[in-house]
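Novice: Starting from the known structure of chain V, arrange chain X on it as the hints suggest.
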Amino acid sequence: GQQVMQIPQYQHVQEGEDFTTYCNSSTTLSNIQWYKQRPGGHPVFLIQLVKSGEVKKQKRLTFQFGEAKKNSSLHITATQTTDVGTYFCAGHRDSNYQLIWGAGTKLIIKP
Amino acid sequence: KAGVTQTPRYLIKTRGQQVTLSCSPISGHRSVSWYQQTPGQGLQFLFEYFSETQRNKGNFPGRFSGRQFSNSRSEMNVSTLELGDSALYLCASSMDRATGELFFGEGSRLTVL
Numbered sequence: 003g004q005q006v007m008q009i010p011q012y013q014h015v016q017e018g019e020d021f022t023t024y025c026n027s028s029t030t031l032s033n034i035q036w037y038k039q040r041p042g043g044h045p046v047f048l049i050q051l052v053k054s055g056e057v058k059k060q061k062r063l064t065f066q067f068g069e070a071k072k073n074s075s076l077h078i079t080a081t082q083t084t085d086v087g088t089y090f091c092a093g094h095r096d097s098n099y100q101l102i103w104g105a106g107t108k109l110i111i112k113p
Numbered sequence: 028k029a030g031v032t033q034t035p036r037y038l039i040k041t042r043g044q045q046v047t048l049s050c051s052p053i054s055g056h057r058s059v060s061w062y063q064q065t066p067g068q069g070l071q072f073l074f075e076y077f078s079e080t081q082r083n084k085g086n087f088p089g090r091f092s093g094r095q096f097s098n099s100r101s102e103m104n105v106s107t108l109e110l111g112d113s114a115l116y117l118c119a120s121s122m123d124r125a126t127g128e129l130f131f132g133e134g135s136r137l138t139v140l
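Each protein sequence line maps, in turn, to chains V and X.
Taking this note's numbering as reference, the numbering of the first sequence is continuous, increasing by one, and the terminal residue is 113.
Taking this note's numbering as reference, the numbering of the second sequence is continuous, increasing by one, and the terminal residue is 140.
Chain V on its own, in the form it takes in the complex:
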């Protein structure tokens, strides 16, 4: 069945280093959304991308949606302790509006 693969599962970085997570879908998505879940919290919506090749920035976060609308990435520049958490991507498929989720990438800041 259709799925969204998200890698890596975990990423350990030193504070100040960059972080990137990638999502790849087996089929075309109508849009891609990104969520952040802090430890002990619930997922919180970050952004939605709709257009092919779209790039959006939120301060140190850069989100991209691939030309074929099958892949997406989230890049964080110069990570801070407040960035710790799990980042999920999720995309809508056109046929029945179901939102398909990636498994998440957990960002861990090394002490």
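I should point out that these hints are in silico values taken from the structure, not numbers from a laboratory.
The model shown is predicted, which means the values in this text are computed figures rather than measured ones.
Only true hints are included.
Subject to a maximum C-alpha distance of 30 Å in a straight line, what follows is the list of computed DSS-like cross-link-like pairs (lysine-lysine):
| no. | chain 1 | residue 1 | chain 2 | residue 2 |
| --- | --- | --- | --- | --- |
| 1 | V | Lys38 | X | Lys84 |
| 2 | V | Lys53 | X | Lys84 |
| 3 | V | Lys61 | V | Lys38 |
| 4 | V | Lys59 | V | Lys72 |
| 5 | V | Lys38 | V | Lys59 |
| 6 | V | Lys72 | X | Lys84 |
| 7 | X | Lys84 | V | Lys108 |
| 8 | V | Lys38 | V | Lys53 |
Now the in silico label distances, taken between C-beta atoms and shown as ranges:
| no. | chain 1 | residue 1 | chain 2 | residue 2 | range |
| --- | --- | --- | --- | --- | --- |
| 9 | V | Thr83 | X | Arg94 | 38 to 44 Å |
| 10 | V | Asp96 | X | Glu109 | 31 to 37 Å |
| 11 | V | Thr79 | X | Gly30 | 25 to 31 Å |
| 12 | V | Ile9 | X | Arg100 | 36 to 42 Å |
| 13 | X | Gln44 | V | Gln82 | 42 to 48 Å |
| 14 | V | Pro113 | X | Gly30 | 32 to 38 Å |
| 15 | X | Gly85 | V | Ile110 | 27 to 33 Å |
For glycine and all other residues, C-beta sits at the position ideal for the given N, C-alpha and C.
Specialist: Here is chain X on its own, set in the frame of chain V:
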């Protein structure tokens, strides 16, 4: 504007019992989705309701069921609880189905002993 409210926040049950969880979406939101999250795991989709009708269903056994009322409030029920049902159950609401961002509640943490 009030957020998504889930009750109860915490509950402990024993194997074989049943449980009902409640979700009140943001006012005006007609779509409600339920997810199961176990430690270290992603979000496992349970079902989605829109206008009192189940629109999508995840790959869970029939012990998991839900419904949505005319005021968009939703409940999910798990019967004959198993140890593996221990999880955080998250409810999310959205304005529409095709493109709407999801607003999650804080979840109901179920422990099955």
